[in-house]
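Asks: One-letter residues, chain by chain:
Number of protein chains: 2
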Amino acid sequence: MTEQQPLYLGIDGGGSKCRVVLMSANNQLLGEGLSGPANPLRGMAVATTSILAATEQALQQAGLPLSTMSQLIVGAGLAGVNLPEYYQLFSAWQHPFARLYLTSDLHIACIGAHQGQDGAVIICGTGSCGLAAVAGQLLEVGGHGFPYGDNGSGAWFGLQLLKQVLRSKDQLIAPTLMAELLQAELNCSDTLQLVGHFMHASPTDYARLAPLVFTAAEHGDATARQVVLQGAAHINDIALRLLTINPAALCLIGGLAYKVEPYLAPEVRQLVVPSAQSPEYGAVCFARQAHANTLASGITQ
Amino acid sequence: MTEQQPLYLGIDGGGSKCRVVLMSANNQLLGEGLSGPANPLRGMAVATTSILAATEQALQQAGLPLSTMSQLIVGAGLAGVNLPEYYQLFSAWQHPFARLYLTSDLHIACIGAHQGQDGAVIICGTGSCGLAAVAGQLLEVGGHGFPYGDNGSGAWFGLQLLKQVLRSKDQLIAPTLMAELLQAELNCSDTLQLVGHFMHASPTDYARLAPLVFTAAEHGDATARQVVLQGAAHINDIALRLLTINPAALCLIGGLAYKVEPYLAPEVRQLVVPSAQSPEYGAVCFARQAHANTLASGITQ
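Quick note, the sequences are listed as chains A and B, same order. In terms of the working numbering, the first sequence opens at residue 1 and continues consecutively. In terms of the working numbering, the second sequence opens at residue 302 and continues consecutively.
It is worth saying that the hints were derived from the structure and are not from the lab. Quantities reported herein were computed from a predicted structural model and do not represent experimental measurements. Honestly, I wouldn't trust all of these hints.
Derived, one-sided and incomplete: chain B residues facing chain A with beta-carbon distance under 8 Å [to be verified]: (1) L439; (2) H445; (3) L463; (4) D538.
Covered stretches of chain B, as calculated for chain A (at least 3 residues, CB under 8 Å) [stated by the list, open to error]: (5) 449 to 455; (6) 469 to 478.
Yeah, the Cβ is synthetic: ideal placement off N, Cα and C, and Gly gets one too.
Next up, chain A with everything else stripped away, as it sits in the complex:
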């Protein structure tokens, strides 16, 4: 059997979805896969099942036998592996691949966004966080989770909306257009019913309401405009912190990014560039770099 060209698999493992891409040594896309949550916080069994299911899909799409799995050089960016206990759990996983290189989902997002070059990325979706990678230094800011962290995220905006609507209903502040928009969205006007909707609400439930804040602000609602400025200031704070290690460019990713961008400070906005590639391609790039480093350091399998 002759020495085969390596195959690279890039994994973007998030809290709700796992996306993989299979690429050849000369960077051709061979197959893709999509499955459920691959976040170790939901349990290792769930995460590894999702990863393997998406990998099998990608191999089938590429017309390759499942036994090819043992030849794959894998880069995985997984939500949660920045927590040492989950990193260790995954490091101890008896995976079926040739190699598995682990990092956070935020890191592969940054690598993908800048096509492997140094740079910074801020995710402003359901959650919020930022990372800058410059000359081997990684600086991570924010995240931490909702409601104590993730300031300026979709979930944060949705929670502020509900808070202000309840305050206006108690006549603690002036009426706000956000109340009408929220009532229309949920099809209920009663305060107790409104509250009932959110008694066990998830960050995703809150994040769904975020666009209403921007709609109200665009219609001149003063309370909504204040929330928008406060949320954008949180994202701006993350950006300014990332800029302390001088990334050459900044990508804004996530559903709320384009809403928040106009409110960022000029010195932040002038660094903003469009994202080049999605995180799973960043994971392939990470796998190539990590594997080249491993080979260069003389540690072979």
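Model the placement of chain B on the given structure of chain A, informed by the hints.
Replies: Just chain B now, kept in the frame of chain A:
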């Protein structure tokens, strides 16, 4: 059998405890009872079991047979019965008492605090809310639950503390004494471990941290002082809203009340009086008033 003097039972039914007092027609304390949660949000079976257990205790303490239950005129202030669905559930309860008069826990707290007179009350404990009762008008403000409502409550203060500590650890704001106090309290300095503590934290878990904010503020910490002022402003907003119906006096109840009081506006502070009686006595008072009204309106059993 001769007509008996009525016996009154007052129930303070909260989310964690149910307290009852049994009193004679001429206002003598005959017995007391204490049991588990009597909040219908935890299910009617749990709530009614707690109520009956505490009632049996009180009757036993009074040396009365359990059959006396059918003679009791009961006033119950229950968390949650301000929600119509829970009010209806309780109204439909086939209770063993002579009469059952229902209202919210906040209302009996107000009646107890002012010994049946008109007045206002603000609860600043794990949650926050206020009620004013003036000439038959009831005005209720705040509450709604955590994290969207309960502004200025213990849970709110604890959450702000964690938020600011995480921001300081990300170097988004200056270092704060609250970080050292929190780390000492939880005996951990690592950010990820800190966050781990709060991943599934309850309002009570957050409220436990509230005193640390005041300690840091008293030691001159600028961030903590800002949180204290913001929290007190929320409680002040509730008070000012209650004052719109001109209560003659205001009682502040709950574990954080004495911490927040010094920061309230002068026009609010000048109305503050100590609380006269605890909520279960307010419930007896409510039962007497409601029963007298029922008899006066000619509706007899």
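Asks: So, for every hint listed, does it hold in this structure?
Replies: Against the structure, the hints:
1. For the restraint placing B:L439 at the interface with chain A, the shortest Cβ-Cβ distance is roughly 14 Å, beyond the 8 Å limit, so the hint is violated.
2. Given hint, B:H445 at the interface with chain A, holds; its Cβ is 5 Å from that chain's nearest Cβ, closer than 8 Å.
3. Hint status for B:L463 relative to chain A: holds, with the closest Cβ pair at about 4 Å, below 8 Å.
4. Checking B:D538 against chain A: minimum C-beta separation of about 5 Å stays under 8 Å; hint holds.
5. Requiring three or more residues with a Cβ within less than 8 Å of a Cβ of chain A, the coverage given for the stretch 449 to 455 of chain B holds, as 3 such residues are present.
6. Residues of the stretch 469 to 478 of chain B with a Cβ under 8 Å from some Cβ of chain A number 3, which satisfies the need for three, so the listed coverage holds.
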